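**Q** Take a look at the letters that make up each chain.
Number of protein chains: 4
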Amino acid sequence: MYSFRNDYSEGAHEKILSKLSESSLVQAGGYGEDSNCEMARQVIKQKIGRSDVDVHFIPGGTQTNLIAMSAFLRPHEAVVSAATGHIEVHETGAIEATGHKIISIETADGKLSPELLQPALLFHDGEHMVKPRMVYISDTTELGTTYTKAQIEQLSQYCKQNDLLLFLDGARLGSALCTADCDITLSDVANNTDAFYISGTKNGALFGEALVICNDALKADFRYHMKQKGGLLAKGSVLGLQFLALFEDDLFFELARHANEMAAVLRAGVAKAGFSFMSDSTSNQLFPIFPNWLVEKLREQYDFLVIKAIDEEHSCVRLVTSWATERQAAADFIDSLNKLSPA
Amino acid sequence: MYSFRNDYSEGAHEKILSKLSESSLVQAGGYGEDSNCEMARQVIKQKIGRSDVDVHFIPGGTQTNLIAMSAFLRPHEAVVSAATGHIEVHETGAIEATGHKIISIETADGKLSPELLQPALLFHDGEHMVKPRMVYISDTTELGTTYTKAQIEQLSQYCKQNDLLLFLDGARLGSALCTADCDITLSDVANNTDAFYISGTKNGALFGEALVICNDALKADFRYHMKQKGGLLAKGSVLGLQFLALFEDDLFFELARHANEMAAVLRAGVAKAGFSFMSDSTSNQLFPIFPNWLVEKLREQYDFLVIKAIDEEHSCVRLVTSWATERQAAADFIDSLNKLSPA
Amino acid sequence: MYSFRNDYSEGAHEKILSKLSESSLVQAGGYGEDSNCEMARQVIKQKIGRSDVDVHFIPGGTQTNLIAMSAFLRPHEAVVSAATGHIEVHETGAIEATGHKIISIETADGKLSPELLQPALLFHDGEHMVKPRMVYISDTTELGTTYTKAQIEQLSQYCKQNDLLLFLDGARLGSALCTADCDITLSDVANNTDAFYISGTKNGALFGEALVICNDALKADFRYHMKQKGGLLAKGSVLGLQFLALFEDDLFFELARHANEMAAVLRAGVAKAGFSFMSDSTSNQLFPIFPNWLVEKLREQYDFLVIKAIDEEHSCVRLVTSWATERQAAADFIDSLNKLSPA
Amino acid sequence: MYSFRNDYSEGAHEKILSKLSESSLVQAGGYGEDSNCEMARQVIKQKIGRSDVDVHFIPGGTQTNLIAMSAFLRPHEAVVSAATGHIEVHETGAIEATGHKIISIETADGKLSPELLQPALLFHDGEHMVKPRMVYISDTTELGTTYTKAQIEQLSQYCKQNDLLLFLDGARLGSALCTADCDITLSDVANNTDAFYISGTKNGALFGEALVICNDALKADFRYHMKQKGGLLAKGSVLGLQFLALFEDDLFFELARHANEMAAVLRAGVAKAGFSFMSDSTSNQLFPIFPNWLVEKLREQYDFLVIKAIDEEHSCVRLVTSWATERQAAADFIDSLNKLSPA
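Which chain is which? The protein sequence lines are A, B, C and D, in order. With numbering that gives the first Met the number 0, the residue at position 205 of the first sequence is 204, and numbering never jumps. With numbering that gives the first Met the number 0, the residue at position 103 of the second sequence is 102, and numbering never jumps. With numbering that gives the first Met the number 0, the residue at position 318 of the third sequence is 317, and numbering never jumps. With numbering that gives the first Met the number 0, the residue at position 125 of the fourth sequence is 124, and numbering never jumps.
Source of the hints: derived by calculation from the structure; they are not laboratory data. Bear in mind that the values here come from a model prediction, so they are computed numbers and not experimental data. Be a bit skeptical, because a hint or two may be false.
One copy or any two copies: either way a pair holds, since identical chains are not told apart in the list.
[Claimed, not checked] Straight-line Cα separation of at most 27 Å, DSS-like style, residue types lysine-lysine; simulated pairs:
no.: 1; residue 1: K159; residue 2: K148
no.: 2; residue 1: K307; residue 2: K130
no.: 3; residue 1: K46; residue 2: K159
no.: 4; residue 1: K338; residue 2: K271
no.: 5; residue 1: K159; residue 2: K218
Looking at chain A on its own, in the form it has when it is part of the complex (with noise of 0.2 Å):
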C-alpha cells in the first residue's frame, strides 16, 4: 500500500549512501568534530552567506528543539507557539520536561504575527507569570503553510523590539525554500532568526538536523548542552557526510522541488476533482477534506493520516509528498480518486 502518510517512510538519498559507503573505513575524529562535518559546516555557511554562524549536527528534530529550548532560556523564561505547534501537541511535552512553560496561541493557518503576539506578551506581566522569552514558528507550518520574507522580517522587528529570541523550525525548510511562491532564502532566515534548523531527515537523509546558531550571545557551550541532552554523536562524521551530500551539489534544494513537484500534482487533481482544502498551503504537505465515506475508501488503497473531523459527514486528512514520492504514485492516487468520486 503506497503511503502519503509523511516524509519520512523512505531510507537516504543514493548520493548520500555512497559517501556513507566510501568513507566507511576512514578513520574519522568523534562527536562532530571531523573533516567532513567541518567541510559541512562550511558549505552551509557558504549557502547561508554568513561565516558567523554556528553550525551543529544533532540526530532529530525533537532533540534539537529542546536542546536549543534549554540552552537558550533560563528557568522562568518561556517560549511562544501557535497551538498547531510541534512543540506545543506531538512531542510529549519534551520542552516543559526541560522546565518550560509553552504559551499557545491560537491561529488561523499555524503562523505567528506580532498581531497574534502581542495580547500575550501584555497578558504575562511580572514575576507571578512566566517571561516570554522565545518565539517559536515553524516553516513550513504543521499546516502546510509559509511565510513570507514580509511576514518574516516583521516578526524578527517585533521580536527585536520586545527582547524575545526568534526560533525556527526547519523540519521541512526544505521544501518551504522550493514552494513556487517562496520570496525567502536560507540568507533570508539566519538574518531573521536567532536560531534555525534545517532538516535533513524530512528531505533525504538516513536521519540529522542542522541547527544554526546566529545571535552570539546564544553560542557559548552549546555542545555542553548537546551532550548533557544526548545530542553530540560519537560518529558525528556519519551527519557530516549526510550534510555535505544534502549541500555540495544543491541536491537539498532538487529533492524538495521534487517532493513539492509531487504535492501539486495531488494538489491540482484534488480541487479539479471539486474538494477544497483546510490550509492554503503550496508546500509537501496538503490538507484536503473529504467525505468520510471517500476516505474509508481511499484508506483502503493508500496510508495517510485523518487529521480531524470537519463536520459530521466530512474529515479532514493530510497527504505528505517525499523527495522519493514515485510521480507514478501521485497519478495513481488522483486517478483512484477521480474513479471513486467522478465528478
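Got chain A sorted already, so can you dock chains B, C and D onto it with the hints?
**A** Frame of chain A, contents of chains B, C and D only:
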C-alpha cells in the same frame, strides 16, 4: 595518523551499509513500528532466549541511559554508580539534568559488588537523603574490565534483596561477551538485570543502541519517554535494519571478537616490551603505563588518549581497538613501541 | 488605604498567635514529627471523618501544588486545568519546572466538567503527545465560583473511569465550604478526590497548607518529595500549632464564614447600585464590572485588582474579603460607591 | 527529655512573636513588597555596610539553596561542595532535582580551599563533563568549623580567577560570626561572596532565611525564580517582621552568642571529662567522641544525634545548642556525664 583513540572512528560494516542501501526506497512505517525493527526485535529476543522482554532502538548511549533512568526512577530516587561510571563522569550531567542524583562509589577496577554497595545503602537513611533505587554497572567497565557470571549473579541477588533495580550499560557489551575468559551470555545479562542495552555504535553500526527491558514493571509507556527525550527516531527502520544486520548472522559477535583479538595483539606486545597496565582488561580497551617520553614519541605516530599521570614520570594511556582495526596497524604499533623502547 | 486586594493582607488570628507564643519555649521535634503536628493531623482527620488519609503541612500553596504533581506524576504525564487555573496562570511555570505539561481548557466559569474534559482526552492519543493523568480543580475557583456536590461527584466518577487523578486546590476551600449555597463538606472533598489541600494562609494563619492524600497509591515516600522541593519546614510544629488552632474549635469555618459575610455585604451593595458581575460567585471573591471612571475614583480610596477590560469603557475588578475584613470597611466601600455613582 | 538534637527545637524569641502580634491586623502588601520587608532589607544592608546588594526573604534553607542554584546556573553548570555539604548529603537531591550536578570533594574538616578545589577544576575538562561554575561553602560548616577571614578571602580570589561563583550557606552564620575566635563580619561575607544567606530559622525566628545577592549579574528576575519554586510567601511581611526584629537591635547576634556560650559550657565539660572531639568546632555544634555504652546511657536522659561509629567501641555524637538553650540544661548534661563517667 592511525587512531587507537576509540571504537567509533570508522563508519559501519559493509553488511550494514548494504542493507541500508537495499531498503532505501522501500517505504517503511515511522518511529520503530516497521517490519525491519520488528524482525530485529525478534532476532535479538531469540539470541537472548526470551520472548518476554521489550526491545527499543535508540540513537545513542547517553540518550539511552538518560531515558531509562528518567523513566524508571521517581524524583527522589537515585542511581548508584562506580566513580568511574560513564554516567557519573562523561555525560555532562545528563542524569542529573533529568533530576536524579548519582551516588558515586570508589572502586579498584570499575566494578561494583554487594560489598561496595552496602555502605552506601546504610548511609542513605530516611527522607533527608535521596533513596538509592538503581544500580548502574557497565560491562565492559570504563576500565576495560568485565564481570563474571558469578559476580553479576551476586549483584542481581543483592539488588533484588534490597529493592534495587540493576541496569547494565552495554556500550561495549559486544567486547565483554567475546573476551577469551568470558563466562556470560546475552541470556545471563537479561536474566540478571532489570534492563540493559546492546550498543551498535561501538560495534560496527553507524549508530544505535538496543535497550532491553527485562522487568515487566518498567515496560509501560516507555515509548512516551523515548519521544519526550528526543530518542524516537523518525526513520526508525534505519536502526532496525542495522540491528538486523548485526544479529541475523552473528555479525555482532564476529566484529567484537575481531576487536578483542586486535587488543590481544597490542596487549601481548606491550607486556612483552616490559610495560604494566593500570587495569586487568581482557577486552578491547587496554590501559598501559608508559614513561612520559615514550608517550610523546608514540603520539607522533598514533592517536590515543592519555588517561592520567601515574607519577611524575609515567602516564596511563588508553588504547582501543574496534571491529575495523587493521591487523597490520596493531603490529605496526608494537613495532614502533619496540623500536622506541628496546628491551 | 483599605485593601480588598486579597485575603492575605493581614497576619494571623489571635488564637493562632497565642498558641505560637505559649509553645515557644517548649522543645519540639523537627520536620513535622512533633506532637502538635500529630494532634493537628488527628483533628483534621476527624473533621474529614476518615482515619486513612495522610496529612502533610507545607508552607505555601504553589509549593504544595508543585510537590504534589511532581510526586504523583511520571515524566510523560500531564495535568489538565481550567485556563484560569492558578497553576496555569499564576505560578510562574512551577509545574512545568518540575517537567510536566499543563493541558489548558477554556471554561465559562473557571470550573471543569466531564463535558469539558472529554475533548482533551480524545485529542491526546498516543506517545507523541503527553498523557493526561491528573485533573486539577480549584474550589473556590479563581473566579470565585464553587462546585456543587453533584458536580464534584460527576468529576470524580469521570476521573475514575478514565484513569485520571483528581486534585483539588483548596487555597480558598474555607470560603467554598462556607458559602450560603454550599452542599459539600470536607468529607465530600476527601471522598471524591485523590488529594487536596486546605489553606491556612488565606484563612487566618500566618502561613501553611494542609495537604490531604486520600488515594493510598500516592502516599509512599511523600516526605522525600517535600524535602527535595524545600517544603519540609524545620520547625514543623509552627505549622501544626496553627492548624490545631484552626480546627480544634472550628475557628477555620468561623473565619471563612466571616469572609463570606463581608463579601455578601459588598455583593449586595454593588448589585443594588446597579452593577453586574463577571462571574456568579457566592464566596469571598467578587468580580464586579464598573465603568473605568468609577474604577479610577474607587482606587483613590481602596486597593483592589483590576482584572481585565470588558469593553472600551468598562473593566472587571476583583474584591476580596478575608477573616479579618472589617464590617465597617465593607459598609464604607458601598457608601463610597453610592456617592460616586448615585442611582 | 532535654534535647541537644538541633537548633530548631524551640519556636521564636518573644521579641519576634511580639512584633508579629502587634502587626497582625495591620494590612500589608503581599509577597515581600510591604514596608516591613523593606525596613528589614534596609537594616540588613546597613549591617552589611552596602546598599547595592539585593535581599530576599525565603521560608527555608533547602529552598533558598535550590532557588539560588537554579537561578544562577545554566543547565550544564555544576556546583562544587564539600562531601559533607548540606546540599550534597541532606537535601534529598534538591539541587539535582533542578538539573545540576554536585561535584563532591572530600575534606578533613568540612571546609573547602583553593588546594582542594584545584584538582576538581583540572579534572573537569571539556564538554563531555559538567562545567564547574559555583563553589558552595557553609559557615559554620556541617562539622561546626568556621572559616577565617584569610581563608574566605583566598577562596574568593580563587573563584574570581577561575570564573567561579562563591555561594555561602549561612544556615548557622549567626553562630559563625559570634564564635570567640571569629575574625569575619557580615561585610566580609558580602564582600567575598557572590551570594549568601542569613538564617533566621536556626537563630530565633519561627522560620525564614534572608538571601543576599552581592553580584550584580545574578540579580535580574530573581523573584520569578522564587515564585516558580514556591518560595515567594504570600504573607511576606511575616518574614520581614522577623528579620526586622532580629536585626534592628542586634538580637540576631545576641541570640547567636548565647548559643555559642552554651556550647562552650558543654565543650569545656566534655573536654574536662577527658573526651576528644571529631572536629575542632568553636560554634554551637560540637562532636564529642564517647564510648558506645556512655552514648546509650546519655540517650536515656537527653536527645541528640549519633553521627557515626568511630571504631567498634566509640561513636561520634552531635550536640547542638540554640538561642533558647537553658544554662541549667547544659550544666545538667555535664553533671550527668561526670556521674556516668567519673574521671
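**Q** Against this structure, judge whether each hint is valid.
**A** Hint by hint, here is what the structure shows:
1. K159 <-> K148: within (16 Å within a copy, 46 Å between copies)
2. K307 <-> K130: between (33 Å within a copy, 19 Å between copies)
3. K46 <-> K159: within (25 Å within a copy, 42 Å between copies)
4. K338 <-> K271: Within one copy only: 13 Å inside, 70 Å across.
5. K159 <-> K218: both (18 Å within a copy, 23 Å between copies)
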